[in-house]
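Student: Please take these sequences and the hints and turn them into a complete structure.
Protein chains in written order, with this note's numbering: chain H, 3 to 144; chain W, 3 to 144.
Hints in this document: simulated from the structure, not taken from any laboratory.
Derived DSS-like pairs (lysine-lysine); straight-line CA-CA distance at most 30 angstroms:
hint, chain 1, residue 1, chain 2, residue 2
1, W, K45, H, K67
2, H, K45, W, K67
3, H, K67, H, K45
Just so you have them, the derived chain H footprint on chain W, three or more residues with Cβ under 8 angstroms:
hint, segment
4, 70-82
5, 126-132
Cβ-to-Cβ under 7 angstroms is the rule here; a few derived chain H residues that face chain W:
hint, residue
6, R79
7, A107
8, G108
9, Q109
10, I111
11, R128
12, L129
13, G130
Positions of the beta carbon are idealized from the N, C-alpha and C atoms, including for glycine.
Number of protein chains: 2
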Amino acid sequence: MQAWEIIVALYRMWSDGDYSVIAQLVAPSYVIHSDPGDEWEGKSLDHATYTERVRFSRNAFPDLKFELQDMVAGDDRVAVRWVARGTQYGDLPGLPATRRRLSFAGQTIYEFKDGLVAGHWQVIDRLGFVQQLQPTVKDARR
Amino acid sequence: MQAWEIIVALYRMWSDGDYSVIAQLVAPSYVIHSDPGDEWEGKSLDHATYTERVRFSRNAFPDLKFELQDMVAGDDRVAVRWVARGTQYGDLPGLPATRRRLSFAGQTIYEFKDGLVAGHWQVIDRLGFVQQLQPTVKDARR
Numbered sequence: 003m004q005a006w007e008i009i010v011a012l013y014r015m016w017s018d019g020d021y022s023v024i025a026q027l028v029a030p031s032y033v034i035h036s037d038p039g040d041e042w043e044g045k046s047l048d049h050a051t052y053t054e055r056v057r058f059s060r061n062a063f064p065d066l067k068f069e070l071q072d073m074v075a076g077d078d079r080v081a082v083r084w085v086a087r088g089t090q091y092g093d094l095p096g097l098p099a100t101r102r103r104l105s106f107a108g109q110t111i112y113e114f115k116d117g118l119v120a121g122h123w124q125v126i127d128r129l130g131f132v133q134q135l136q137p138t139v140k141d142a143r144r
Numbered sequence: 003m004q005a006w007e008i009i010v011a012l013y014r015m016w017s018d019g020d021y022s023v024i025a026q027l028v029a030p031s032y033v034i035h036s037d038p039g040d041e042w043e044g045k046s047l048d049h050a051t052y053t054e055r056v057r058f059s060r061n062a063f064p065d066l067k068f069e070l071q072d073m074v075a076g077d078d079r080v081a082v083r084w085v086a087r088g089t090q091y092g093d094l095p096g097l098p099a100t101r102r103r104l105s106f107a108g109q110t111i112y113e114f115k116d117g118l119v120a121g122h123w124q125v126i127d128r129l130g131f132v133q134q135l136q137p138t139v140k141d142a143r144r
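Tutor: Right, dumping it as structure tokens:
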């Protein structure tokens with residue numbers, strides 16, 4: 003598969019929860035270089051832990067769907083712009099299920115090794131995320 | 003200039019405040035396609051308004067410096083990963099000067115037209131930003 007095909011399949015897996023494809027897409031050691039707010043930031047994930055990470059998000063948002071909005075492909079890296087939508091049916095740490103529907107934007111740069119996706123650097127609009135689930139959180143402009 | 007050279011010069015301008023170079027780098031109509039929390043999101047900016055936008059950030063953070071951490075270049079778009087650092091010496095809407103030093107991560111996809119940078123889609127870790135200035139704002143995990 004081309005790098006962009008792996009990304010399309012990866013986002014499909016995040017959206018449909020078919021974890022059986024993970025081993026065909028993700029390197030045996032997947033590095034989360036930077037991802038503020040992510041529990042696994044800074045860690046290297048094997049396939050079981052990668053699966054656990056997807057399951058964690060899909061447990062909180064069982065109807066989670068990712069929309070790929072743009073890709074910019076370099077030699078060994080692909081930058082992606084995406085929007086995720088879902089309903090918080092499950093509990094999150096410090097935030098019992100709100101049953102609120104939300105959408106949040108993110109951008110991610112993926113690295114590839116030996117034809118598999120092997121890590122990422124990610125930024126999510128966590129304030130927008132939090133405000134949709136907890137409308138009392140104050141806004142602040144740059 | 004190549005697209006990547008324009009990006010390097012653009013981040014230098016954001017970091018040193020030499021607004022005189024804006025007309026050489028930025029298209030006459032610069033579109034902020036998506037940038038949650040940005041006052042100018044969804045708008046098209048002429049050079050004067052673009053300058054005002056940079057000045058707004060540099061007034062709040064006069065020592066603002068951007069570190070370019072990665073670039074992924076496509077045909078007419080460049081994806082950038084960056085970290086900004088600065089001290090809030092100026093007031094922000096709803097947040098009088100805290101004199102706190104902070105750093106925050108972002109990723110941006112820029113589009114180019116006729117050899118100039120003509121717009122962007124951006125995601126900033128606004129929650130990390132807010133928490134460094136207002137430590138009482140609660141965390142929330144995905």
